[in-house]
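Dock chain P against chain A, hints included.
There are 2 protein chains.
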Amino acid sequence: MSVESQLWFEEILEISNGHTFKIKINDVIERFDSPFQRIEIYDTKPFGKMLVIDGVIMCTEWDEHSYHEMIAHVPMFTHPRPENVLVIGGGDGGTIREALRHPEARRVDICEIDGDVVRLCKKHLPSMSSSFEDPRVTLYTEDGARFMKDRPGTYDVILVDSSDPIGPAAVLFSEEFYIDMKNALKDDGLIATQCESFFYHGDIIERITGYAKKHFAVPGYYYTVVPTYPSGIIGYCFASKKYHPLKDFSPERVDAIRGRLKYYNADLHRAAFALPSFIRDRIKL
Amino acid sequence: MSVESQLWFEEILEISNGHTFKIKINDVIERFDSPFQRIEIYDTKPFGKMLVIDGVIMCTEWDEHSYHEMIAHVPMFTHPRPENVLVIGGGDGGTIREALRHPEARRVDICEIDGDVVRLCKKHLPSMSSSFEDPRVTLYTEDGARFMKDRPGTYDVILVDSSDPIGPAAVLFSEEFYIDMKNALKDDGLIATQCESFFYHGDIIERITGYAKKHFAVPGYYYTVVPTYPSGIIGYCFASKKYHPLKDFSPERVDAIRGRLKYYNADLHRAAFALPSFIRDRIKL
Chain A
1007 MSVESQLWFE
1017 EILEISNGHT
1027 FKIKINDVIE
1037 RFDSPFQRIE
1047 IYDTKPFGKM
1057 LVIDGVIMCT
1067 EWDEHSYHEM
1077 IAHVPMFTHP
1087 RPENVLVIGG
1097 GDGGTIREAL
1107 RHPEARRVDI
1117 CEIDGDVVRL
1127 CKKHLPSMSS
1137 SFEDPRVTLY
1147 TEDGARFMKD
1157 RPGTYDVILV
1167 DSSDPIGPAA
1177 VLFSEEFYID
1187 MKNALKDDGL
1197 IATQCESFFY
1207 HGDIIERITG
1217 YAKKHFAVPG
1227 YYYTVVPTYP
1237 SGIIGYCFAS
1247 KKYHPLKDFS
1257 PERVDAIRGR
1267 LKYYNADLHR
1277 AAFALPSFIR
1287 DRIKL
Chain P
1007 MSVESQLWFE
1017 EILEISNGHT
1027 FKIKINDVIE
1037 RFDSPFQRIE
1047 IYDTKPFGKM
1057 LVIDGVIMCT
1067 EWDEHSYHEM
1077 IAHVPMFTHP
1087 RPENVLVIGG
1097 GDGGTIREAL
1107 RHPEARRVDI
1117 CEIDGDVVRL
1127 CKKHLPSMSS
1137 SFEDPRVTLY
1147 TEDGARFMKD
1157 RPGTYDVILV
1167 DSSDPIGPAA
1177 VLFSEEFYID
1187 MKNALKDDGL
1197 IATQCESFFY
1207 HGDIIERITG
1217 YAKKHFAVPG
1227 YYYTVVPTYP
1237 SGIIGYCFAS
1247 KKYHPLKDFS
1257 PERVDAIRGR
1267 LKYYNADLHR
1277 AAFALPSFIR
1287 DRIKL
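Chains A and P supply the protein sequences, listed in that same order. Be aware that the first sequence starts at 1007, since it is given in our numbering, and climbs by one per residue. Be aware that the second sequence starts at 1007, since it is given in our numbering, and climbs by one per residue.
Bound-form chain A, shown alone (with noise of 0.2 Å):
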């Protein structure tokens, strides 16, 4: 007789209301309950190792990279001199290894509120948490709205690689966070934040499309394919105080750094802000 025990992640979100995602596992790699949330990271038979936080699956080593390509290079190929940068959340490090590859980085500050997530990503993820030993980064664990309430007028591009509106990053999506932001920025700074699905989200999307209207010259919406990803996408605010994402865009700039991204590329960057009618008309941009 031969038997054979299958190991399953099941995905359950909320939000989705009747149906789940399952992913076959070779192991359970970490289990960890920090003072802020369950941490569990694991090694799945089809999408290499993967990070899920509160039972949601935060990224996989098969599909990372557009999600981490897309909120970088966007508005960071948008703004002329992205310098100065900072990353709220993203403790993986997935986004700063993207911010890193443009050469006017000069200072990559990241505000992760939980030490434990970057302690076990870079323990297990390397491809992602690698980056964290760059000189040009400085990481510091803490709340990311109070942080950046201390540095007026400090970067040319926040980029806010968060979780879901549920648990410690809730705060990140609220006007006051935006109003923020805009505060932290330079006269001509822009930002990308994560920004959920257009299938399940239109709440959402408006509410926050709505205060890049309302304190930004610029705001904009755009979005990435993730497969494992509810819906298969994810969308991110845009909102600039000067600077255009399709107008002020450098594509001769993207060549120097091409050959180093999967995804990203000059057209995909014009291309994902074209939406489907249901949303481009609901949120009016």
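In case anyone wonders, no lab produced these hints; they're calculated from the structure. For clarity, every value in this text was computed on a predicted model and none was experimentally measured. There could be a bad hint or two in this list.
Now the in silico label distances, taken between C-beta atoms and shown as ranges [unchecked claim]: (1) A:Ile1018 x P:Glu1212: 31 to 41 Å; (2) A:Asp1261 x P:Gly1159: 55 to 65 Å; (3) A:Asp1261 x P:Asp1194: 50 to 60 Å; (4) P:Asp1194 x A:Val1034: 54 to 64 Å; (5) A:Ile1018 x P:Ser1256: 56 to 66 Å; (6) P:Glu1212 x A:Phe1284: 28 to 38 Å.
Glycine included, every Cβ here is placed at the ideal spot set by N, Cα and C.
Frame of chain A; chain P shown alone:
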């Protein structure tokens, strides 16, 4: 004591190799073994009614618009006068519904091998299948590959709305079929065919776009977001004898039907051809 039973549909695809998609079901509406395949229709909790063939999700009422609008409108707004249209497969009626929105369409033939798919969709999925009542439509219950061989120089546009290249649809992914489509088109005709996800099927996409490059003056590949398909996206092979999908596209014609579209718009038409670097560099169109 309170007891509630739960019914779940689980899609287990060989290609996806270790992950599944589970959907909560209110009711099993149909389960029928036709001479070709198993046809199931479910009433799902999150996605309305859902058509499943041989265990694979074909469409749900919730997100079918994205798939059907994009397979039909990208080629039909590229062709300046899409009068004679052939749909291969597409027994649910969603693709002909979209083709019929074009005032230029005078004749829409549909060739679906499995009459039971049409019969059951007519019974249970009227939002798609009511399009079969349009007087411009002629339904042929035949093998699509053979059907086309008898009609040289007949069509302006051919749309292949097929299932995956296993079972009865396998022949629709052969080089011979692409040569037959070329022959069934008029001298300025063009096609779009269901052509899988670039996250899972780079090999199929490379092969099929290879046929398009070899046999057509203008090859292309574009994609759309369909959350209930594996990876959340699906792509289409585009191939044309004369018209270019971006240079010859007529965005001014879109306005006439835009009020009836949920997904497609002129910006998205152009954006859909912008591919991630990893697949763009592989298929080199």
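Tell me the numbers of any earlier hints that the structure contravenes, in ascending order.
2, 3 and 5
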